[in-house]
Every structure is written in C-alpha cells, then in structure tokens.
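S.K.: Listed below, chain by chain, are the residues.
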Amino acid sequence: MHYQYHVIYLLWLLPPLAVLIAGGIRKAWIHRHEEHHHHGFGHKHGEGTLSIDMYAYHSKIGSWNPKLKIGYGLLLLLICLISNDPYVSFGIIFYTFFVTVCLGELDADHYIGLLGIPLAFMIAGSIFILFNFSHTPFSNALVNIPTHWGYVIITPQTAKATVNLWCKAFGAISAMYMMSLSTMSNEIFGVLRDAHCPKLIIELMNMMYRFIFILMDTQHRMKNSAESRLGYTTFKRAIYSFGSTASNLFLVSMKRGTQFYDAMEARCYNGDLRFFEEKKPVTKQQLFWVIVPTAYFVLVWVMTFQGVNINV
Amino acid sequence: MSNEAILRIKDLKYTYSGGDHQALKGISLDVMPGERICIVGNNGAGKSTFFLNVNGVLHPDSGEIYFKGQKVEDNRASLNELRRGVGIVFQDADNQIIASTVMGEVSFGPINLGLDDDEVEKRVDEALTEMNLSEFKHRAPHYCSGGEKKRITIADIIAMHSEVIIFDEPTAALDPLNAKMLEEALTKLADQHKTLLISTHDMDFAYRWAQKLVVFSDGQIIATGTPVEVLTNEAVCEQANLRKPMLMRVYEDMVKHGIAPDDKAYPQDVAAFDHWLESIKAS
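Residue numbers (numbering that gives the first Met the number 0), protein chains in the order written: chain A, 0 to 311; chain B, 0 to 282.
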C-alpha cells in the first residue's frame, strides 16, 4: 500500500474545506453585530414540536427549486455510495455542511447536533466490522488486545473497511440532511407526485407525517399540563404521570385526528391531498452550486480511484 | 333576495355511532339567502353536530337537507355540491389548518373543487386580500397568532366561494381586538350577500349582529325569531340558560323603573342606544 499517495490525495479535500471556511467567515462577518442566541426550536422542553419542518421553513435556501434540491441530494447520495471513496465522501460532508449552514444559514450547533443523532447507530453497527475475535494473535494486526477468552483484533483491512463505511454513511446522511433541512415536507411530496410515485404511497406518507406531529403535539400538551400540576417532582410520580399520559395519548390523538379529517372532508377532500405550491424557478446561481461541486466530486473520484473495492 | 330557502333542513336526526344518546332530535330550519343567523345554546346542545350534518361530513339517521331546492342525496357528487356550497370555519383553527404555508392552506379547498391552477391562484389571492393576509402568504400557519389563524381558516372557506358559511364559535379564544376584526370581517361577508350561520355564547354579539336567533337545547330547536322576539321570551331563556344581553337588560330596567317609555325600541348596539336616549330626552 502506498501511503504517500494518500497524503497527496488529502489535498483534494482542501478546496471543499476552503469553501466551508470561507462560507463560515462570511456568515460570521454578516452576522457580527447580532447577538448570538439560540432560536426557540430544537429539542427544548415544553415547546412546539415541528422542529424539522421549522428548520426547512427558516432555511435561506428554501426558495431554491425543490426538484433541483431533491435531485441533487439524491445525486450526491449516489455518488457517495457508488464511488465508495473516502475523499469523495469527505468532500461531500464538507460541501453539504457549507450548503446547509452557510448558504441555508442554519445554526452550526444545531446542525452538528442533528448529525450526532445517527452516530449511535453507526457506532453500534461498525463494532462488528472493526473487531475480529481469535484464539491466537494475528501477526499483521494493527492491535491485538488480549482478553481472558482470546484476542480482540483490529487488522488494517477491518480498519479500512470501518473508515470507508463511516465516510460513506456520513456522506450519505449529510446529503440527505441538506435536502430535508431545506425542503418543506409538502414540497417533497409534491416532487414525488410529479415523479409519478403511486398516489396511495404519497397519501400514506403525508397522513403519517401529519399524524406523527399530532401525536407529538398532544403528548407535549399533556406533559406540560402534568408538569404544571407537579406531576414530575419525584421519580415515582414521574413514572405515574408518564403512564397516564401515554395511555391517554392514543385516545386523544385519535380524536384530534378525526377532527382534522372532518375539517378536510368539509373542504371536499376526496383522497387526494394537494396544495398549491409556489413556483420556484431554477436560477443560474442555484445551478452553479450544483454543477461545479458535482463536477469536482467526479474529478476527485476519478483521480483517487483505487480499483474496485469489493470488501465493503 | 328570493323567497326560496337556500338551505332547508327537515326533521334531521342524528345519533353518534357507539352511543344511544340522540344528539339531534328532529331539527327543522329554513335558511334564507343572505340571512345572518346566530345559533345559541348550551355546550352539548348539538350545535356542532348540526353543523357537521349540514355540511355533509356526518350522515343523518333520518331527515332531509335541501340545498338551493335540490335534495341532498347520500352520494359523492351530491355531498360535494353541498360541501362546496356550505363551508365551515371550525372552532379550533389548529384542527383545521393542514398545510405548511398559508397559501397552500387556502388553496386546499379550491384544488379539491378541481379548478385549474390560474383560478386557484386567483381565488387564493382574493381570499387572502379579503382577510388582510397577503403579507402572510408564504408563512407557516402554525406559527401565526391565534387571530391570524382564525383569519386563515376564514380565508380557507372564502376561497371556495361558498354561499353559506358556518362559523363554530368564532369568537372563542380571541382577544377583544381580534374579535372586533372578526366582526368587521363578518359584516363584510354579510354585505356580499353570503349567508352566515354563527354559533356563539356571546349574547351581546348575537343581539347586535344577528337578524335571526336560533336556540338549541338538548338536540332540539326551541325557538327561532329575531333576537328581541326570542330573548323577551322568558321561558326560552330559562330553558336554554341564556344570559340576556347587557343593552337589553339596561333597556328593560329603564322601562321598569319608568325612566323610559315602554316603546319596544330595543336598541341593539351602543350607537342605536345613544340615538334612542337622545330621542326619549327630546320627547
């Protein structure tokens, strides 16, 4: 293995990193007079729960053409998965960070917090790829950890596979976050409809999406009301309050769901949930931010190609 | 104004599924075009159930509904015609608003009517202008204030060009300023010859605004007539637990104590009361 190539290959990451840093500095410069404060959304207690929609609603790139955004998110996802190249993945991670935080002006803390959510799954998933178990130590292993039952071994292959997996997964997640943190759910459903996705599936997605929010909102209301009546002061009481809330939740949500349905039926709903959407034309600026990075990622992919890796 | 009722309800009965309590026990009501009707009565008297039946969301056990002389049948085309013509503004705006932008929300009804995009856009803009919501067009309705949400839900119905608009307790949960704006909006709609049915607990509002008062009690209509006719009927007031409007009580007390002549003037708003005071002072 020629490690010196990897050092040279790392240079490919400089341009996306430079774009990210420049974007960050520009953002800090523009907002230098504003006091830093956390916005009211996110996972705080006792507040509304439409947070993901809220991020998209506040995104400065919300005015971009949704088809372009969704198509681009999927394209980056595919590039990331097919190329299976950590340099491309890291480039995508940096670039989508730039798009979401610098162009979309989402709070960097919020974004990093959101990226942390899949971390637990990835740690759990990669343990069994990273570690091998054997009775005898491996001569070519990076680490041989002796335990009472045998050896826990990390070999260069497993280490490489894990790094590859993490890069790929984070790249893919970043690409999807770029899409979902800037595109309202109704626009995503609209694009799916235009893509001739079956009506039934879109309707189900939409209904489930609404109902999740009804559930969360109902739960919030009941929790707040229990909390205001000192329902969470001791552990025992908290358990009791949580239990009562949970048992009521379904009933109350069903009732609210029915009211929603009545209100929809009253407005001639006939199984096709459609809304009028603002027309968002594709501009040259949007195309620039799509085409130039894509071309760059393909270039990186070609330049750092190391043969087909069938391990992962 | 024609003499034919726009909405004729005959002996409507309704029982909620899974219950043996009859929520509506034979409701008959004629609604004339352009009428301003207030519906009053206790919680649980059947007002909301009645509205959902009239709009075709709930299907009555028995009874008939005629919309513009046409009997409403239990099929989609007929029900959709009824739902197009009779719009409901629900009590809790949070349970009515479903879209994530104000424009999307208001467009929901017109799109369901199968109109083309240009017409939908025209109607949405029209309805938003009417409710002073043009600047909110691209906002998220869930983050608007209570009064704004109410106006959004009214715009929802205006955009459908419904001839009859039903308001289920519109003034509940509104602050005085928003309640005033709502009343102005209602007057504006009445001036456009929309037929308005409003359920309310605000007797002062019903007294000054309504042309006709309908009293619900335990699933039945126990009185209909002008506000003065209904509210001077002590038996009705007692049965439905109606609180008399303040101006009416002041007027009646003045008559009782001999300060004013018993001229059956019944001034219905403050301006009329002022005018009436001037006139009795002069005489």
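Hints listed in this document are in silico derivations from the structure and should not be mistaken for laboratory results. The beta-carbon is built from N, C-alpha and C at its ideal position, and this holds for glycine as well. Please note: incorrect hints may appear among the correct ones.
[Claimed, not checked] Which residues of chain B face chain A? A partial, calculated answer using Cβ under 8 Å:
#1 20
#2 83
#3 99
#4 107
#5 108
#6 110
#7 114
#8 121
#9 123
#10 133
#11 135
#12 137
#13 221
#14 223
#15 227
#16 273
[Unchecked claim] Derived DSSO-like pairs: lysine-lysine, alpha-carbon spacing no greater than 27 Å straight-line:
#17 198/A <-> 283/A
#18 243/B <-> 254/A
#19 59/A <-> 211/B
#20 59/A <-> 254/A
#21 211/B <-> 66/A
#22 12/B <-> 254/A
#23 280/B <-> 255/B
#24 26/A <-> 59/A
#25 278/A <-> 66/A
#26 70/B <-> 12/B
#27 121/B <-> 136/B
#28 59/A <-> 198/A
#29 263/B <-> 211/B
#30 67/B <-> 12/B
#31 211/B <-> 283/A
#32 121/B <-> 279/A
#33 187/B <-> 66/A
#34 67/B <-> 187/B
#35 136/B <-> 67/B
#36 254/A <-> 222/A
#37 243/B <-> 278/A
#38 279/A <-> 263/B
#39 198/A <-> 26/A
#40 67/B <-> 24/B
S.K.: Can you list which hints this structure breaks, lowest number first?
M.R.: 1, 7, 8, 10, 11, 13, 14, 15, 16, 17, 18, 19, 20, 21, 28, 31, 33, 35, 37, 38 and 39
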